[in-house]
Amino acid sequence: MVPTPKILPCGDSAVTIEFGDRIDPDVNGMVLALDDIIRARAPVGLLETVPTYRSLTVQFDPVTTDYDALIRLVTEETKDLAPRNAVGRRWRVPVVYGGDFGSDLDEVAQIHGMTPNQLIEIHSSAIYRIYMIGFLPGFTYLGGLDKRIATSRRVQPRAKIPAGTIMIGGEQAGIAPMDMPSGWHNLGLTPVRPYAPERDPVFLFAAGDEIVFEPVDASRWEALEKAARAGEPVAEEMRP
Amino acid sequence: MTDLLVKSCGPMTTLQDRGRLGFQGFGVSPSGAMDRRALAMANVLVGNAPETAAIEFMNLGGSFTCEGGDLHVALVGAGAAMSIDGTPVPPQTSAILKEGQVLDIGHPRTGTFAYFAIAGGFAVEPQLGSLSFHLRSRLGGLNGAALKAEDRLPCRGSGDEREPMQLVVQPPEDGGAIRVMLGPQDDYFPSETICLFLESDFTVSPQADRMGFQLTGPRLEHAKGFNIVSDGIVDGHIQVPGSGQPIVLMRDRQTAGGYPKIATVISADLGRFAQLRPGTTLRFRAVERAEALAAARGLKDWLAALPSQLTPVRFNLTTEHLLSRNLIGGTVDALASTPHE
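So the sequence lines, in the order shown, correspond to chains E and C.
Numbers given in the working numbering equal positions in the first sequence, counted from 1, plus 3.
Numbers given in the working numbering equal positions in the second sequence, counted from 1, plus 3.
I should point out that these hints are in silico values taken from the structure, not numbers from a laboratory.
Derived, one-sided and incomplete: chain E residues facing chain C with beta-carbon distance under 8 Å:
1. R25
2. I26
3. P54
4. G137
5. L139
6. F142
7. F206
No residue lacks a Cβ here, since even glycine has one placed at the ideal position from N, Cα and C.
Full structure from sequences and hints, please.
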């Protein structure tokens with residue numbers, strides 16, 4: 004059961020509605036459900052909403068927004084709110100694991116006393132939930148990593164890892180949307196571009212979507228990469 | 004069409020407008036002008052809408068020419084001054100830059116950020132709805148980059164559409180403490196820390212940029228650790244990491260973060276705060292929503308009234324000339340070039 008959310012003022016132009024203080028699908032589901040409602044109701048002065056793991060930040064024009072009415076709307080709508088757990092989309096994301104594509108695969112497998120293939124098997128068997136998108140355009144914070152392969156972050160972060168890197172850090176997993184600094188471990192590479200400013204849609208994934216990784220052979224890389232470069236999603240939408 | 008050519012400029016000379024709204028849920032920082040008051044004044048001087056993209060100068064000025072026609076230009080913010088072929092343009096006054104002339108923009112002196120607007124704005128394609136440059140996303144600006152020598156910016160307007168104007172007003176502000184509203188995570192701090200935060204001097208450190216301003220001051224202790232599960236961040240949030248030294252998050256901030264935020268600078272004071280140079284000492288004062296709202300309304304009304312404050316420059320103005328007008332009229336403080344303290 005999710006308790007009554009906390010209303011946390013963020014200055015005169017924003018408010019955060021917090022459903023919990025932990026990473027939890029039900030808490031995140033409430034955040035996304037309220038996000039749907041606020042965006043649909045679009046109160047006067049609303050600028051944008053930012054869903055995160057556990058809270059929804061609503062940003063607005065302080066002069067044209069009726070703050071009290073906004074809070075009344077939130078209070079009313081969260082009384083009987085059900086988590087938005089019905090996932091609209093599940094994506095199959097092709098990954099070439101190991102070697103030059105995932106330079107930390109062998110080391111991470113060794114840390115957990117398993118073979119690289121066992122690690123790939125575990126990593127690609129899970130269904131990951133996109134809890135939130137942040138840090139960089141299109142960077143997905145994924146929950147659902149099997150605890151057996153949870154790996155604390157690298158002692159030495161890397162200044163730059165390539166776009167498409169499939170990585171794990173702690174109990175989290177992610178896909179690099181662009182070249183970025185990272186302290187996580189690189190397991191593989193996907194040609195999928197979660198963010199492509201020249202493509203429609205610019206952002207492939209949304210918070211609340213699910214992701215499944217599909218191991219593919221390095222021989223398929225060229226063809227998939229070419230398709231992604233041409234603007235194809237390459238990630239395949241699966242029927243639930 | 005007239006092009007503005009960059010002869011030289013500092014490393015963080017960027018295009019900025021109101022910012023990129025609507026994509027924070029996808030991890031895109033809003034960015035946008037650090038001092039929207041100065042951005043609006045520069046734009047209004049050349050007849051633009053107040054949030055039209057302008058060139059933002061951070062700490063350093065630059066040098067420009069134009070090609071293919073003349074340009075109607077204005078520079079406002081942080082006491083920076085411009086001159087054309089060596090002749091100073093009076094503060095808060097627009098001017099015509101003719102083809103072949105050299106425009107020099109001096110360093111921001113009393114603050115950090117100055118804005119250079121061109122009548123009609125720049126004919127540059129927006130990315131995700133904005134021209135604002137954001138370094139980490141490689142979005143906006145000219146081809147996703149900050150400006151540099153030899154860049155060529157196509158301009159929509161020309162220099163013959165309107166006569167030069169001047170603005171003799173200053174933004175409404177008292178120069179006192181930076182006003183904040185407590186929260187969203189003030190309950191992560193003991194009451195002694197809240198008192199210390201509100202009653203101590205803080206100094207702007209050299210680590211102050213478009214992402215955030217690191218402050219130094221007394222160590223702000225947490226009551227229950229300094230790691231929280233990441234939640235949303237807004238402009239003006241004051242986060243306190245493990246060091247106990249607060250960071251005020253600014254326009255290029257991330258969209259979410261995992262440190263407790265003790266308070267939030269109110270929207271009306273954010274532009275003034277952005278202009279505090281490293282080494283400046285400041286205090287915070289907690290206000291209720293009503294006072295923050297009154298200040299936001301006051302600033303909005305002031306911005307809306309700017310076009311009605313314009314007066315034409317009918318003479319070949321020099322500083323001496325303005326000074327003489329000031330002495331005669333007693334109402335025009337033309338030498339007060341800075342839009343803040």
